[in-house]
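Build out the structure end to end from the sequences listed, making use of the hints.
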Amino acid sequence: MHLVRPRDLDGVLDALAAHPGATLLAGGTDLMVEVNLQHRRPETVICLRRVEELRTFEPGFIGAGVTWARLEHGPIPALAELARTVGSPQIRAAGTLGGNLGTASPAGDGLTFLAAVDAHVVLASTTGRRTLPWSAFLVGPKRHARRDDEVILGVEVPDAAAWPQAFAKVGVRQAMVIAIVNCCVVRPADDDVRVAMGAVGPTVLRVPDAEAAVVGDPTPSAERLARFETLVRDGIAPITDHRATEAYRRHAAGVLARRTLERCLPG
Amino acid sequence: MIVSLTVNGEPRTAEVAGFESLLWVLRERLDLRGAKDACLQGECGSCSVVLDGDLVCSCLVLAADAEGAEVTTVEGLGDATSPHPVQSAFVAHGAAQCGYCTPGLVVALAHLRENRPDASPDDVREALAGNLCRCTGYGAILRAAAEVLGRGDPGAGPVGDPDGTRSQGDGEVTP
Chain A
1 MHLVRPRDLD GVLDALAAHP GATLLAGGTD LMVEVNLQHR RPETVICLRR
51 VEELRTFEPG FIGAGVTWAR LEHGPIPALA ELARTVGSPQ IRAAGTLGGN
101 LGTASPAGDG LTFLAAVDAH VVLASTTGRR TLPWSAFLVG PKRHARRDDE
151 VILGVEVPDA AAWPQAFAKV GVRQAMVIAI VNCCVVRPAD DDVRVAMGAV
201 GPTVLRVPDA EAAVVGDPTP SAERLARFET LVRDGIAPIT DHRATEAYRR
251 HAAGVLARRT LERCLPG
Chain B
268 MIVSLTVNGE PRTAEVAGFE SLLWVLRERL DLRGAKDACL QGECGSCSVV
318 LDGDLVCSCL VLAADAEGAE VTTVEGLGDA TSPHPVQSAF VAHGAAQCGY
368 CTPGLVVALA HLRENRPDAS PDDVREALAG NLCRCTGYGA ILRAAAEVLG
418 RGDPGAGPVG DPDGTRSQGD GEVTP
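These protein sequence lines are chains A and B, in that order. Once you know that position 52 of the first sequence is 52 in my numbering, the rest is easy, because the numbers rise by one and skip nothing. Once you know that position 57 of the second sequence is 324 in my numbering, the rest is easy, because the numbers rise by one and skip nothing.
Among the hints, a few may not be true.
Distance ranges between label pairs, derived from CB positions [as the list claims (entries may be wrong)]:
#1 Asn382(B) with Glu223(A): 44 to 50 Å
#2 Arg383(B) with Glu58(A): 24 to 30 Å
#3 Met1(A) with Ser349(B): 38 to 44 Å
Keep in mind the hints are simulated off the structure, nothing from the lab. Keep in mind it's a predicted model, so treat the numbers as computed, not measured. All C-beta atoms, glycine included, are put in the ideal place defined by N, C-alpha and C.
Structure below.
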């Protein structure tokens, strides 16, 4: 194995130009599991731990190297709430938001927030920077649009700290679970609702039909909320796997989305 | 490759092969066998160490990436003649059965005590969510934790067992 330990972003970009396709190592909470289980033996690894430029966390931008522990104590309520459900304190001290994007698991908890706020993923290489909407970056289960010579710099997000917002997740215990279903709801304005669902499709997804059923109504009636629940259930694409059946995921997703929305409503 | 790091306050170097984890290097190269090798996927916490101030699973740290780091293992907290207050509390409460999870729990609680000495019982449970005990001895572990956390007395030494609850691994609590 060839190991590169750059001290700054320029060092990372140079290493990627010299070794396109190199494996990027941030917190190690995904990659090292695969290495320990001998599922992966990357030829070249570029370590990102020392790169300060990836750790920016400010209104409007979150660096790829920001850990769940920092997000957990940060100013964005739903992001803090979801960060607290990632793994354990040990995992949250190491794992990063950029790692969620790089792994591109359909169940990535952080991805629900990024989809709900329509985040843009910022990528960099020696030839420049480009920005992709989250939906163009995440192209399938564990697949994304990062080129072999690019690093994920971070995400551009709206200044969402003051929006009503919430996250919720179904799993088999309170900690250390990969979501069976997860959900983030944000309300950028009184008459706007966005709902993102994870682990119920090939990537995290939005449910536009369900959003449309409650948009424009700051205080939706019980009937309207029930309609929202049904449209979430019907607007996702879950599969049966070792964590849950498709039927369970559909039912849980509807209930979870409605309850999460209710937490974002006034009163 | 040679990796240099500080372990329990002492500069150490180790010859490290490609994909070895920090856990492997601590145990096999530096002969520090307190951190335990169990799940190798960050699920169980038995390999917990403090790396540059953060509590982490050493099985998920690429040893070569720990170049220059400061690491504290359970061996750095105390020993039989001069135990750390968390270790003393574990002894007093019989908070170990097979003992495999104990070093990770002790490191996690010592880290919590140093960073949040006022942690509430709920905070303690959340802080230990990544440390599994499969003997189901959580009751005794939480009683030991209660002796050294949240009492506003971070200097407290070894403690007794006034209410006779020691060494009952009753599994009443699952963090």
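Consistency of the hints with the structure:
| no. | hint | result |
| --- | --- | --- |
| 1 | Asn382(B) with Glu223(A): 44 to 50 Å | holds (49 Å) |
| 2 | Arg383(B) with Glu58(A): 24 to 30 Å | holds (26 Å) |
| 3 | Met1(A) with Ser349(B): 38 to 44 Å | holds (40 Å) |
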